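Take the sequences, apply the hints, and build the full model.
Number of protein chains: 4
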Amino acid sequence: MIIVLKPDATKATADELLARIEALGLKPLYMPGAERVVLGAIGDERVIDQLHLESHPLVESVQRILAPYKLVSREIHPHDTIVDLGRAQIGGGHFTVIAGPCAVESRDQMQRTAGAVKLAGVLVLRGGAYKPRTSPYSFQGLGQEGLEILRDVAHELDMSCVTEVVEVGDVAVVEQYADAFQCGARNMQNFRLLRALGQSRKPVILKRGMAAKIEDLLLAAEYVLAEGNPNVILCERGIQTFETATRNTLDLNAVPLIKQKSHLPVMVDPSHGTGLRELVGPMAKAAAACGADGLLIEVHCDPEKALSDGRQSLDTKQFDVLMRELEPFARAAGKRLQ
Amino acid sequence: MIIVLKPDATKATADELLARIEALGLKPLYMPGAERVVLGAIGDERVIDQLHLESHPLVESVQRILAPYKLVSREIHPHDTIVDLGRAQIGGGHFTVIAGPCAVESRDQMQRTAGAVKLAGVLVLRGGAYKPRTSPYSFQGLGQEGLEILRDVAHELDMSCVTEVVEVGDVAVVEQYADAFQCGARNMQNFRLLRALGQSRKPVILKRGMAAKIEDLLLAAEYVLAEGNPNVILCERGIQTFETATRNTLDLNAVPLIKQKSHLPVMVDPSHGTGLRELVGPMAKAAAACGADGLLIEVHCDPEKALSDGRQSLDTKQFDVLMRELEPFARAAGKRLQ
Amino acid sequence: MIIVLKPDATKATADELLARIEALGLKPLYMPGAERVVLGAIGDERVIDQLHLESHPLVESVQRILAPYKLVSREIHPHDTIVDLGRAQIGGGHFTVIAGPCAVESRDQMQRTAGAVKLAGVLVLRGGAYKPRTSPYSFQGLGQEGLEILRDVAHELDMSCVTEVVEVGDVAVVEQYADAFQCGARNMQNFRLLRALGQSRKPVILKRGMAAKIEDLLLAAEYVLAEGNPNVILCERGIQTFETATRNTLDLNAVPLIKQKSHLPVMVDPSHGTGLRELVGPMAKAAAACGADGLLIEVHCDPEKALSDGRQSLDTKQFDVLMRELEPFARAAGKRLQ
Amino acid sequence: MIIVLKPDATKATADELLARIEALGLKPLYMPGAERVVLGAIGDERVIDQLHLESHPLVESVQRILAPYKLVSREIHPHDTIVDLGRAQIGGGHFTVIAGPCAVESRDQMQRTAGAVKLAGVLVLRGGAYKPRTSPYSFQGLGQEGLEILRDVAHELDMSCVTEVVEVGDVAVVEQYADAFQCGARNMQNFRLLRALGQSRKPVILKRGMAAKIEDLLLAAEYVLAEGNPNVILCERGIQTFETATRNTLDLNAVPLIKQKSHLPVMVDPSHGTGLRELVGPMAKAAAACGADGLLIEVHCDPEKALSDGRQSLDTKQFDVLMRELEPFARAAGKRLQ
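Residue numbers (our numbering), protein chains in the order written: chain A, 1 to 338; chain B, 1 to 338; chain C, 1 to 338; chain D, 1 to 338.
Calculated from the structure, these hints are not laboratory results.
Predicted model only: the values in this text are computed from it and were never measured.
Some hints here could point you the wrong way.
One copy or any two copies: either way a pair holds, since identical chains are not told apart in the list.
[Unchecked claim] Okay, derived cross-link-like pairs now, SDA-like style, lysine to any residue, Cα gap no bigger than 20 Å in a straight line:
(1) K27 to S138
(2) K305 to E45
(3) K213 to R247
(4) K6 to P28
(5) K213 to P28
(6) K118 to M323
(7) K6 to V62
(8) K261 to R247
(9) K11 to Q260
Structure below.
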């Protein structure tokens, strides 16, 4: 519920109302504006109905938030959120490319790959240390050693870094090494993990689940914001459909639709979204054109030898060409490539 | 099967081989090039195996076409096909927008809509006279009267026009009025209709079925080409998925994938592909960015009063803005907007 | 709209009201019951609203049909429809198995297959003469010759027969040879074909499209009933999903759901619904258990040599075993196997 | 890899080979049979290739396991696995119904519901204490208090109980209270949780993810078995498709297909698989008919007041009727209802 106070309402009035909201077990929000103070009350609908604020003499208007998600909704937060991710900003006028290999395999592999993507203009390095793999017999990632390599290589090159976290018990260690968490598609509805990430203040790149509706993704983000972490970046990475020629079906419709419904920044992962190296470039440009705030792209110094997802990884030369080709599309969309 | 002749093979050799191909009930193709003559033999694989051309003294090489589609494949036709559609060309360096209402409703509606899209730079007008509708109680189109209005209005404005054909029995009358046929998603596997369209020489815009894999679409196009009509334009218009926030899921992955597999031009219909007016613009730009050859866009002079699909139609002003915003994306993709 | 007349309303009153309904371009229905006469008015909702029958002195009540489909709805026709299909009845207390090969290939193949399924207790023979095939280079059916073989073999064995019709232009010839039409999944929204079948009085087995919601299937059936043919049998045959281990995903949920919404009989095709011979038996039993009125099963005298769909065809011995195993499941469901 | 030893191979030979397998970091399996000893070597394919056991004088044959899953495969374990779940057995000749409310809400609700399902013949009670909910503002379960109520009520009635576990950190406490773990659809690819459950010896009911192929489900089970817990029960509970009339599409094809590929028991959840109370009964019977080993059914003493999933819960009377109606279907399938 959004509560707009009258111009003559004082801070004391706001505090009194916020206390009433909190006393009912609801989450109180204080949003002072230039002309009016706006309050929010978030939580169980039936409890909200017991507030009866319409009749308060200093309340100008009261408005239900129609969407099932609240804090992520544009209704309560009309302006675009910009998330600081180390050296980069996600959202606003930036079009940010996060690049690196699917998995951290070795220090040498990371240095070669990171050096190349840095030269191509990238500020944020990616690389997985904990890999969720369909088969227990596939490479599962280097774990903490991988985190160390990722962080060291990023620091050497004055880059920021992001990596996936797959378990509540790993949140603390990942937070220590990475500038942002990645929450993968298979964990989009791991609500305990979402809550744990909500208790951090580091940015969370939340990837859409393979069977998740856009509304499910926004509700998953709501879990993180409801715990107090406003730094969520949504990521479209392809959904599960009947088409088998591509690994997933990249649902770019989601980009403008999320922009309409939510204030959070939206990135696109054309590597998983297609599963085919040859389609990564065209779909990266399409993502820029339809309003995305950036990309996650898998780049490997030697894709043929990659321990995972080699088929969808660009080599460093292909990536360099792509960065140059992307620029006019980002510009046409009113954004600056970084 | 692709048969490359030696440089010293004469036209008589080619004719002899083509006769052998035809005698087996296969479709013979004659494709003379600058340095070599190439022949094709299309049809039942088991019959092709009986040709035994490898040992012919004037045959340089013989190559099986691996894809299940043959004539639409890049293996047999490496260069992009450009289709003449009245005043416009589809493919090559052009990015062509075909616009107009979902259904022809009246002469006045067509004149107002067509006048506006013409002013915005459009060469080809669309409008349905035979409407396939889910319910028998919905507006089913004006039939032949609609064809007349469409043709008249297009001619008055010096535009070309396209319209949907839904039945073998209507092919002749639609051919009389329209510059190109549209074959809708629900008829993509109406193989009799495809064969009938293959006997015309007018262009066919073939829309992908809601449950059709990309390979199914290419095989549907093969039906048209196999009957002798090479003028096929493929159209991605969204597939059926679990997502309910949009009418369909526009599968832009299909655009670069089809470009890789086939020489045929590819257009995109962001109106059906999203079902939501607000998403048409962003997805139109994305289509341009990922390499499409053009767009089909629903525009209505008064969308609120449209007899079908009003929710996804742009009004004429929104369309005019879109055309101007599209230009830099088409240019960045190396194409000229028309 | 359903109009219940008062007990003292005469036939003249009914006729007067039916004339008013017809005069507005609506479809009038006359449904006399033991105690009350019920009328129906079907068509454009906005026109129905102009009838103003609520205030008529001999009208007891007026009720809108909430479903988008009307004639197929249980609201207007609460009792199960039983369709006569030659020697068999579909619906009511019967569980009817229609069996035979995917395609009619030769007289010998039909005689051997039909003889075996007849011995196993089958009354209705199936076999395709016009085959819709994804590739133009696959076997397309024997056409009219196939119809003749099918009819002859059925008659020799005192069986009835059904076959697929794919085109408006073929309806007359198929009607001449077959006891019922099959309308395939790819033609479920070929609305012209549905209208043409609605003008016949022979039964129509309408298969659910691969991307068709249950509501779409019911609306497709409405096209047939709206033209005057009440003899429609719905058929669940699997939908398109992401699962690739089976050819389609057989959606048995559809069976009890359709039974709830509609009075029409429902059959199940476990051959296409699974695509795998080994799954046909278990899913046939499941169909019987969840309330289906019968099955369409592909049987071939020599599946390894079948010109289409051999992988999903039972051989005659497997079919015989299945028929015996099916019996207790049909009985547990309160039906008699035929 | 499956290694069949010659009849004259001694236990010492087997031990020597198992040591070689283990030394390479592979999982060794010892499977003595009546006539031959069979060994297994499970793990990275490339490492397995280094074993070179074909040439060993006491090895009769060596066979690669073709499926990507190994321990769950019928290739390595041809006979059906029967899992002991407290007072019940899952698999073999039993058809076991596990019933209870979606969520544990109160001691009274559990006593009333459990008393009724016990009377209807149920041995295993279900009820969720940790509920994964799409929205953070929905009821999230009673946690440990819920576990206590569930266990107490089950013990009072001499029943066993199962409940969902959503987090590695909760495995120990859930193990203390429940006779079996339920791993929900959203956690089917929470590989850390699967590994943790693999370190227990209590049974794991593993539900298929909404976007999971059958092969993905089998690979998820492989994670549990690879950690040493052989007591896995697979559960089909509906997949995500385009159909919106039902909550999910229950994919019963999965039941006979899994039976063919794996030795593990398979249960079906028709409550989530349909989302509609009216469809639970028909689909429960269908599950019995196609070969499932049992059912998970949601029953609530007062569905209208249920805090979650009331729409799909049977009331206790409906459940009692269903149990009686199920019996002939279980019997026809050669199983005994419990």
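Right, here's what the structure says about each hint:
no., hint, in the structure
1, K27 to S138, "between (43 Å within a copy, 14 Å between copies)"
2, K305 to E45, "between (53 Å within a copy, 16 Å between copies)"
3, K213 to R247, "both (18 Å within a copy, 13 Å between copies)"
4, K6 to P28, "within (18 Å within a copy, 60 Å between copies)"
5, K213 to P28, "neither (28 Å within a copy, 43 Å between copies)"
6, K118 to M323, "within (11 Å within a copy, 36 Å between copies)"
7, K6 to V62, "within (11 Å within a copy, 51 Å between copies)"
8, K261 to R247, "between (28 Å within a copy, 17 Å between copies)"
9, K11 to Q260, "neither (32 Å within a copy, 59 Å between copies)"
Checked against the numbered hints above, the structure breaks hints 5 and 9 and satisfies the rest.
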